[in-house]
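Modelling step: build the complete structure from the supplied sequences, incorporating the hints.
Number of protein chains: 2
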Amino acid sequence: MKKYYLMAPGPTPVPPGVLLAMAQPMIHHRTPEYEALFIEVRAGLKRLFQTSGDVIPFTSSGTGGMEAAVASTLSPGDTVIVLRAGKFAERWEEICAAYGITVVPVAEPFGQTVAPARIALALARHPKAVLMQHSESSTGVLHDVEGVAAVTRKTDAILIVDAVSSLGIADLRMDAWGVDLVVSGSQKGLMLPPGLAFCALSERAWRHVAASRCPKYYFDIAAEHKMVQRNEAHFTPAVSIFVGLREVLRMIEAEGLANVFARHERLARATRSGVEALGLQLFAQTSPSPALTSVRAPRGVDGEAIVSTYSASHNITIAGGHAEMKGQVFRLGHMGYVADFDVLAALGALEQVLHELGQPVDFGAAVRAAQKVFAERP
Amino acid sequence: MKKYYLMAPGPTPVPPGVLLAMAQPMIHHRTPEYEALFIEVRAGLKRLFQTSGDVIPFTSSGTGGMEAAVASTLSPGDTVIVLRAGKFAERWEEICAAYGITVVPVAEPFGQTVAPARIALALARHPKAVLMQHSESSTGVLHDVEGVAAVTRKTDAILIVDAVSSLGIADLRMDAWGVDLVVSGSQKGLMLPPGLAFCALSERAWRHVAASRCPKYYFDIAAEHKMVQRNEAHFTPAVSIFVGLREVLRMIEAEGLANVFARHERLARATRSGVEALGLQLFAQTSPSPALTSVRAPRGVDGEAIVSTYSASHNITIAGGHAEMKGQVFRLGHMGYVADFDVLAALGALEQVLHELGQPVDFGAAVRAAQKVFAERP
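Chains as they are written, first to last, in the working numbering: chain Z, 23 to 400; chain P, 23 to 400.
Hints were generated in silico from the structure; no laboratory data involved. Bear in mind that the values here come from a model prediction, so they are computed numbers and not experimental data. All the pointers check out, no bait thrown in.
Only pairs whose alpha carbons sit at most 30 angstroms apart, straight line, appear in this in silico BS3-like list of lysine-lysine:
{"id": "1", "chain 1": "Z", "residue 1": "Lys248", "chain 2": "P", "residue 2": "Lys348"}
{"id": "2", "chain 1": "Z", "residue 1": "Lys248", "chain 2": "Z", "residue 2": "Lys68"}
{"id": "3", "chain 1": "P", "residue 1": "Lys109", "chain 2": "P", "residue 2": "Lys68"}
{"id": "4", "chain 1": "Z", "residue 1": "Lys394", "chain 2": "Z", "residue 2": "Lys25"}
{"id": "5", "chain 1": "P", "residue 1": "Lys109", "chain 2": "Z", "residue 2": "Lys248"}
{"id": "6", "chain 1": "Z", "residue 1": "Lys150", "chain 2": "Z", "residue 2": "Lys176"}
{"id": "7", "chain 1": "P", "residue 1": "Lys150", "chain 2": "P", "residue 2": "Lys176"}
{"id": "8", "chain 1": "Z", "residue 1": "Lys109", "chain 2": "P", "residue 2": "Lys248"}
{"id": "9", "chain 1": "P", "residue 1": "Lys394", "chain 2": "P", "residue 2": "Lys25"}
{"id": "10", "chain 1": "Z", "residue 1": "Lys176", "chain 2": "Z", "residue 2": "Lys68"}
{"id": "11", "chain 1": "Z", "residue 1": "Lys348", "chain 2": "P", "residue 2": "Lys248"}
{"id": "12", "chain 1": "Z", "residue 1": "Lys25", "chain 2": "Z", "residue 2": "Lys348"}
Which bits of chain Z does chain P cover? Going by a derived footprint, with three or more residues having C-beta under 8 angstroms, they are:
{"id": "13", "segment": "24–30"}
{"id": "14", "segment": "44–57"}
{"id": "15", "segment": "117–129"}
{"id": "16", "segment": "213–226"}
{"id": "17", "segment": "232–238"}
{"id": "18", "segment": "258–271"}
Ideal Cβ placement from N, Cα and C applies to all residues, glycine included.
Here it is in structure tokens:
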């Protein structure tokens with residue numbers, strides 16, 4: 023037996039009770055049972071997204087939700103601003119390019135964030151929309167959505183936020199901050215299998231939807247919204263994941279959203295503390311994300327060797343670096359169904375992995391540092 | 023206790039062993055385990071689609087696969103032929119309209135099919151592509167894909183077939199017949215939860231992919247194909263449904279594809295025989311589908327009342343009629359994880375439902391007629 027641990031920055035472990043709920047016999051999506059489920063989920067999603075408006079689900083990966091956001095609010099020929107400081111920003115750029123939308127990037131090196139004042143400057147010339155990540159999971163940085171929203175809401179531009187790896191992890195007060203469109207997915211903070219994406223829209227975003235001229239069918243937010251208002255789905259939804267969604271929304275409500283955010287922040291602080299106790303450096307130069315910790319590989323060690331040793335020696339899946347960060351970093355996820363002792367396991371394994379790779383290690387140092395964080399009074 | 027029976031024409035029941043396989047702890051999609059799973063599934067899908075080429079999966083409903091087919095092979099300004107004799111033909115038309123593609127319908131009344139000779143005539147003027155359903159599940163008719171392919175393959179037109187409710191149900195010899203693009207989904211003959219779509223392409227279809235100018239990103243078949251060739255996915259796939267897919271492909275291989283088709287044909291014949299023994303008429307005027315049986319409601323009875331009585335009295339989900347067929351028909355699914363005694367249950371319940379709705383019923387007549395079909399030597 024070699025017990026498997028999933029510690030990547032998504033997909034994340036699914037709680038056993040949720041797995042069993044999803045293993046119940048299939049139900050049909052045009053029945054009173056499914057309607058009752060949908061009504062509960064519809065209300066729960068609004069609370070989770072901290073918005074009074076409807077959250078529009080799509081059966082797709084999170085990228086499908088990002089495409090729905092672009093194709094449903096923008097038009098060919100538009101020029102938009104993308105906050106570029108990580109690989110997922112490039113996904114916004116690729117989607118825009120596919121639809122003939124021009125991107126003006128406002129960039130900082132990977133590992134940094136972009137100051138809202140720079141966005142304000144760019145908006146003066148290109149006032150249509152700003153697209154950004156909240157948690158940029160390629161670098162482990164949490165971007166300043168509140169700060170950017172404070173800028174965009176004074177203009178006609180809408181703010182579109184990829185919250186795939188921050189929903190249910192980091193506080194994102196959609197209505198209070200004035201965010202216009204929040205996209206997320208099922209397989210990160212929501213603790214579900216991949217297969218659902220979500221788009222939540224402000225009143226301003228809905229006005230953009232009415233004016234959008236991109237071709238679209240499956241990812242047509244307006245058409246799907248009509249069905250959501252009738253507690254139905256336009257196309258056959260991923261029924262089993264919706265069944266799981268009801269369960270995880272109940273779990274999150276029982277814990278309380280503020281407590282969920284605090285738990286992630288604590289797990290992230292403990293992870294960072296442990297990593298630094300081993301003399302390693304964080305990749306995030308600023309505001310590290312509570313969803314994951316991206317760590318620079320020690321000098322002379324290939325980050326990919328750390329990932330593969332975690333897997334080969336310990337049957338633990340973590341993640342390496344994307345593209346130009348490949349080999350430079352390794353990434354530890356601590357989002358969703360994760361608790362204190364998962365962090366100790368990840369750090370204990372890190373000590374053993376570094377030892378196996380010939381690095382000098384003070385065994386227990388990372389674990390001890392994390393325990394000290396956990397021992398702090400809240 | 024009121025035991026639930028799912029007897030709609032999709033989603034269909036998922037075998038318990040498959041539900042449990044999908045309830046295993048989540049694995050990551052960029053691991054050796056997932057790669058091994060994908061390699062097995064990739065080979066199995068080719069056999070299931072009866073093609074030597076790759077089958078491209080998408081995390082979406084079957085409609086997403088239909089959109090991928092259109093957006094990846096056609097271009098704005100194209101004119102295509104749609105075989106229109108049911109509601110799902112209208113989905114082809116809506117998708118084409120969204121992309122600025124003109125549709126020339128070749129139509130027959132619902133319940134009928136279209137003769138391939140009529141397609142040949144239309145092709146002389148509009149030689150780009152023919153789009154059709156195989157099993158039109160709104161009417162219960164199985165259209166003549168082999169006959170239409172015999173026409174299209176003599177021309178430059180590609181034939182795009184919606185096989186959502188025929189894959190693994192009715193024989194569709196993609197390569198042998200010369201079909202260019204076959205679309206399907208996970209929740210019908212494949213016995214899985216909804217959430218996966220598939221597109222299989224001929225060499226001719228790949229040439230159209232290279233020339234297509236529709237905007238697309240998530241549903242870009244060419245981009246996804248590059249990842250499939252590396253046994254990966256472009257975007258996070260519906261991992262749990264892929265885990266189930268491995269199981270159902272093993273089940274289908276163990277039964278043998280020819281036996282799977284024969285079983286569905288037998289279940290369909292028994293259902294039709296039972297329905298007709300009660301004096302009811304089939305909606306399909308020609309070549310009824312082995313996937314489902316669409317039945318005209320008896321004079322003076324609302325088809326929707328039959329559907330709701332099945333549900334309210336017996337906790338059985340069947341389906342009613344789409345749009346203009348609403349109230350006129352009810353539809354019994356017999357696809358996927360279905361066997362003889364499920365048909366007896368559906369027919370026994372039909373007798374009771376008709377009785378409850380005040381119709382004269384010879385109890386046991388439908389069941390007896392079905393049993394006689396089952397008693398025939400193969």
